[in-house]
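Now for the letters of each chain:
2 protein chains.
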Amino acid sequence: MPFQNDFFKSAFSVDNIIFGFDRDTLKVLLIKRAYEPFSGEWALPGDLVRPDEDLDQAAFRILEELTGVKDVYLDQVHTFGEVNRHPRGRVITIAYYSLVNIKNVSIRASSFADKVAWKELRSISKLAFDHYEIMQTCLRRLRRDVKFQPIGFELLPEKFTLTELQRLYESVLEKDLDKRNFRKKILSMNVLKSLDELQQNVAHRPAMLYSFDAEKYKLAKEQGFIFEL
Amino acid sequence: MPFQNDFFKSAFSVDNIIFGFDRDTLKVLLIKRAYEPFSGEWALPGDLVRPDEDLDQAAFRILEELTGVKDVYLDQVHTFGEVNRHPRGRVITIAYYSLVNIKNVSIRASSFADKVAWKELRSISKLAFDHYEIMQTCLRRLRRDVKFQPIGFELLPEKFTLTELQRLYESVLEKDLDKRNFRKKILSMNVLKSLDELQQNVAHRPAMLYSFDAEKYKLAKEQGFIFEL
Chain L
59 MPFQNDFFKS
69 AFSVDNIIFG
79 FDRDTLKVLL
89 IKRAYEPFSG
99 EWALPGDLVR
109 PDEDLDQAAF
119 RILEELTGVK
129 DVYLDQVHTF
139 GEVNRHPRGR
149 VITIAYYSLV
159 NIKNVSIRAS
169 SFADKVAWKE
179 LRSISKLAFD
189 HYEIMQTCLR
199 RLRRDVKFQP
209 IGFELLPEKF
219 TLTELQRLYE
229 SVLEKDLDKR
239 NFRKKILSMN
249 VLKSLDELQQ
259 NVAHRPAMLY
269 SFDAEKYKLA
279 KEQGFIFEL
Chain Z
59 MPFQNDFFKS
69 AFSVDNIIFG
79 FDRDTLKVLL
89 IKRAYEPFSG
99 EWALPGDLVR
109 PDEDLDQAAF
119 RILEELTGVK
129 DVYLDQVHTF
139 GEVNRHPRGR
149 VITIAYYSLV
159 NIKNVSIRAS
169 SFADKVAWKE
179 LRSISKLAFD
189 HYEIMQTCLR
199 RLRRDVKFQP
209 IGFELLPEKF
219 TLTELQRLYE
229 SVLEKDLDKR
239 NFRKKILSMN
249 VLKSLDELQQ
259 NVAHRPAMLY
269 SFDAEKYKLA
279 KEQGFIFEL
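Here the protein sequences line up with chains L and Z, keeping their order. Add 58 to a position in the first sequence, counting from 1, and you land on the number used in this note's numbering. Add 58 to a position in the second sequence, counting from 1, and you land on the number used in this note's numbering.
Everything labelled a hint here was simulated from the structure, so no lab data went into it. Please note that the accuracy of each hint is not assured.
[What the hints assert, rightly or not] The calculated DSBU-like cross-link candidates involving lysine-lysine, where the alpha carbons are at most 30 angstroms apart (straight line), are: (1) L:Lys243 to Z:Lys242; (2) Z:Lys67 to L:Lys274; (3) L:Lys279 to Z:Lys90; (4) L:Lys242 to Z:Lys205; (5) Z:Lys67 to L:Lys243; (6) Z:Lys233 to L:Lys237; (7) Z:Lys237 to L:Lys205; (8) Z:Lys233 to L:Lys276; (9) L:Lys243 to Z:Lys237; (10) L:Lys205 to Z:Lys233; (11) L:Lys274 to Z:Lys128; (12) Z:Lys67 to L:Lys90; (13) Z:Lys274 to L:Lys276; (14) L:Lys205 to Z:Lys243; (15) L:Lys67 to Z:Lys90; (16) L:Lys233 to Z:Lys276; (17) L:Lys242 to Z:Lys243; (18) Z:Lys274 to L:Lys205; (19) Z:Lys205 to L:Lys233; (20) L:Lys217 to L:Lys90; (21) Z:Lys279 to L:Lys243; (22) Z:Lys205 to L:Lys237; (23) L:Lys205 to Z:Lys279; (24) L:Lys128 to L:Lys161; (25) L:Lys205 to Z:Lys276; (26) Z:Lys128 to Z:Lys279; (27) L:Lys279 to Z:Lys243; (28) L:Lys242 to Z:Lys242; (29) L:Lys279 to Z:Lys128; (30) Z:Lys279 to L:Lys233; (31) L:Lys243 to L:Lys274; (32) L:Lys243 to Z:Lys274; (33) L:Lys205 to Z:Lys242; (34) L:Lys237 to Z:Lys128.
Please read these numbers as outputs of a predicted model, since none were measured by experiment.
Extracted from the complex, chain L is given alone in its bound form:
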């Protein structure tokens, strides 16, 4: 019979890969674990899902506990369930990623963490559990998603220059982009609003500021437009 009680002996957790962008660097929010297993090691923020909690709820809770933010881009990526991935029993974990603007966020350690910090993605070579693999999977997803959905803007301040936008894409995709082609492509999609406003407090010649026109994008999308960079 399929419903033996033997099966009701597992737990499941949610792990959040929270990406942020700082000038020209892609970062990810990590915690230093306060508990065994892997006590004292850096890990993705995550927690067991409570018996009365839906999965998305748990992911938003973890995000809010660490960053204070609620209304940000958050999406489920993949579920990891190797038999021995957790030393304490069968624990499968559902990975989410979210995109936040680092400047809007003040991070604080919560119950399960001693410390919380933004770490440069390129500096990370090892994490607790299978979190390094999870991070790589989410990074691949981010790289695909930024090409086909205008989610990159979540990582930028509301007003940005085209150079900042290009830096963001270069940093996510880990490659240099041709300035002229990039500008041509992004402007031809007609989803940016030129603000008639210049950068302030910069040493170089101030550049024009833009913002993402969510309303225009929504209308265009309804008519079959596909964002593609």
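Here the structure of chain L is known, so what remains is to put chain Z in place on it, guided by the hints.
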């Protein structure tokens, strides 16, 4: 403390959305449940994941039990975990989808099913549990994936005509495609092999047969080519 035993009281299952294509119709493999809950109702094939089983393993096992096939396209889509989605306790389910060529497959009912059958996608309006919602999510994924990856070919016989290929896309995307544009686009991608061989046993004028050139696609992809229909 995070590791109370209270948390180790859930189970998790894998549900498989197995898509097949029959001439011009997209179908999905359903089972008639042999057990409560939802005994006698149609459902997606699925099973609890065994304590010693990885998630992908479980998905392949279910597929093989029902269809006898192993080496087919199979991918994880999304995990569903609403608190009350299962009447017997907290059971989260990881949805997979796979694409099979109906002609290569002989289906058989297995332990958890009374019956197994290919059902026309459009004819399905209700399924056990939250399986209808799961099916819709997987269908959206299939629709996106066939546009950007050459996975549609998995649903076709090895040799096919361009008309058959177009019917497949029309049936997955649920819209008519312009014949001339479709042919131009697919041929310009250079991933089809023209077989210098004609259809047999057809009433109309036999059309040229093609096959998907996986090797060519692989090489092109390594050089940055993106499949896009």
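Each hint tested on the structure:
1. Between lysine 243 of chain L and lysine 242 of chain Z the CA atoms are separated by roughly 24 angstroms; this keeps the pair inside 30 angstroms, and the hint holds.
2. In summary, the hint linking lysine 67 of chain Z to lysine 274 of chain L is not supported, as the alpha carbons are separated by about 47 angstroms, beyond the 30 angstroms threshold.
3. Only pairs whose Cα atoms come within 30 angstroms are accepted, and lysine 279 of chain L paired with lysine 90 of chain Z is rejected, the gap being roughly 39 angstroms.
4. With a C-alpha separation of about 25 angstroms, the suggested pairing of lysine 242 of chain L with lysine 205 of chain Z holds against the 30 angstroms cut-off.
5. Of the supplied pair hints, the one linking lysine 67 of chain Z and lysine 243 of chain L is violated, its CA atoms being roughly 52 angstroms apart against a limit of 30 angstroms.
6. The hinted pair formed by lysine 233 of chain Z and lysine 237 of chain L fails the criterion: a straight-line CA distance of about 38 angstroms is larger than 30 angstroms.
7. Restraint check: the Cα-Cα separation between lysine 237 of chain Z and lysine 205 of chain L comes to about 28 angstroms, which is no more than 30 angstroms; the hinted pair holds.
8. Our distance criterion of 30 angstroms between C-alpha atoms is met by lysine 233 of chain Z and lysine 276 of chain L, whose separation comes to about 22 angstroms.
9. With a C-alpha separation of about 29 angstroms, the suggested pair lysine 243 of chain L and lysine 237 of chain Z falls inside the 30 angstroms cut-off, and the hint holds.
10. A hinted pair counts as satisfied when its Cα atoms are at most 30 angstroms apart, and lysine 205 of chain L with lysine 233 of chain Z qualifies at roughly 25 angstroms.
11. At roughly 46 angstroms between alpha-carbon atoms, lysine 274 of chain L and lysine 128 of chain Z are farther apart than 30 angstroms, so this suggested pair is violated.
12. For the proposed pair lysine 67 of chain Z and lysine 90 of chain L, the alpha carbon gap of about 27 angstroms is at most 30 angstroms, so the pair holds.
13. A C-alpha spacing of about 37 angstroms is found between lysine 274 of chain Z and lysine 276 of chain L, which places the hinted pair above 30 angstroms, so the restraint is violated.
14. With a C-alpha separation of about 21 angstroms, the suggested pairing of lysine 205 of chain L with lysine 243 of chain Z holds against the 30 angstroms cut-off.
15. Distance check on the hinted pair: lysine 67 of chain L and lysine 90 of chain Z sit about 27 angstroms apart at the alpha-carbon level, within 30 angstroms; holds.
16. Distance hint between lysine 233 of chain L and lysine 276 of chain Z is fulfilled; the C-alpha atoms sit about 22 angstroms from each other, no more than 30 angstroms.
17. A distance of roughly 24 angstroms separates the Cα atoms of lysine 242 of chain L and lysine 243 of chain Z; the hinted pair therefore holds under the 30 angstroms criterion.
18. Annotation: proposed proximity of lysine 274 of chain Z to lysine 205 of chain L holds, straight-line Cα distance about 24 angstroms (limit 30 angstroms).
19. At roughly 25 angstroms between alpha-carbon atoms, lysine 205 of chain Z and lysine 233 of chain L fall within 30 angstroms of each other, so this suggested pair holds.
20. Only pairs whose Cα atoms come within 30 angstroms are accepted, and lysine 217 of chain L paired with lysine 90 of chain L is rejected, the gap being roughly 33 angstroms.
21. For the hint pairing lysine 279 of chain Z with lysine 243 of chain L, the CA-to-CA distance comes to about 22 angstroms; that is within 30 angstroms, so the pair holds.
22. A threshold of 30 angstroms between alpha carbons decides the hint, and for lysine 205 of chain Z with lysine 237 of chain L the separation of about 28 angstroms falls inside it, so the pair holds.
23. A threshold of 30 angstroms between alpha carbons decides the hint, and for lysine 205 of chain L with lysine 279 of chain Z the separation of about 16 angstroms falls inside it, so the pair holds.
24. Between the alpha carbons of lysine 128 of chain L and lysine 161 of chain L the distance comes to roughly 15 angstroms, so the proposed pair stays at or under 30 angstroms and holds.
25. Our distance criterion of 30 angstroms between C-alpha atoms is met by lysine 205 of chain L and lysine 276 of chain Z, whose separation comes to about 21 angstroms.
26. For the proposed pair lysine 128 of chain Z and lysine 279 of chain Z, the alpha carbon gap of about 25 angstroms is at most 30 angstroms, so the pair holds.
27. With a CA separation close to 22 angstroms, the supplied pair lysine 279 of chain L and lysine 243 of chain Z stays within the 30 angstroms bound.
28. At most 30 angstroms may separate the alpha-carbon atoms for a hinted pair to count; lysine 242 of chain L and lysine 242 of chain Z meet this at roughly 26 angstroms.
29. Between lysine 279 of chain L and lysine 128 of chain Z the alpha-carbon distance is near 38 angstroms, which puts this suggested pair outside the 30 angstroms criterion.
30. Our distance criterion of 30 angstroms between C-alpha atoms is met by lysine 279 of chain Z and lysine 233 of chain L, whose separation comes to about 17 angstroms.
31. Of the supplied pair hints, the one linking lysine 243 of chain L and lysine 274 of chain L holds, its CA atoms being roughly 16 angstroms apart against a limit of 30 angstroms.
32. For the suggested pair lysine 243 of chain L and lysine 274 of chain Z, the alpha carbons sit about 28 angstroms apart, so the restraint of at most 30 angstroms is met.
33. In summary, the hint linking lysine 205 of chain L to lysine 242 of chain Z is supported, as the alpha carbons are separated by about 25 angstroms, within the 30 angstroms threshold.
34. A C-alpha spacing of about 47 angstroms is found between lysine 237 of chain L and lysine 128 of chain Z, which places the hinted pair above 30 angstroms, so the restraint is violated.
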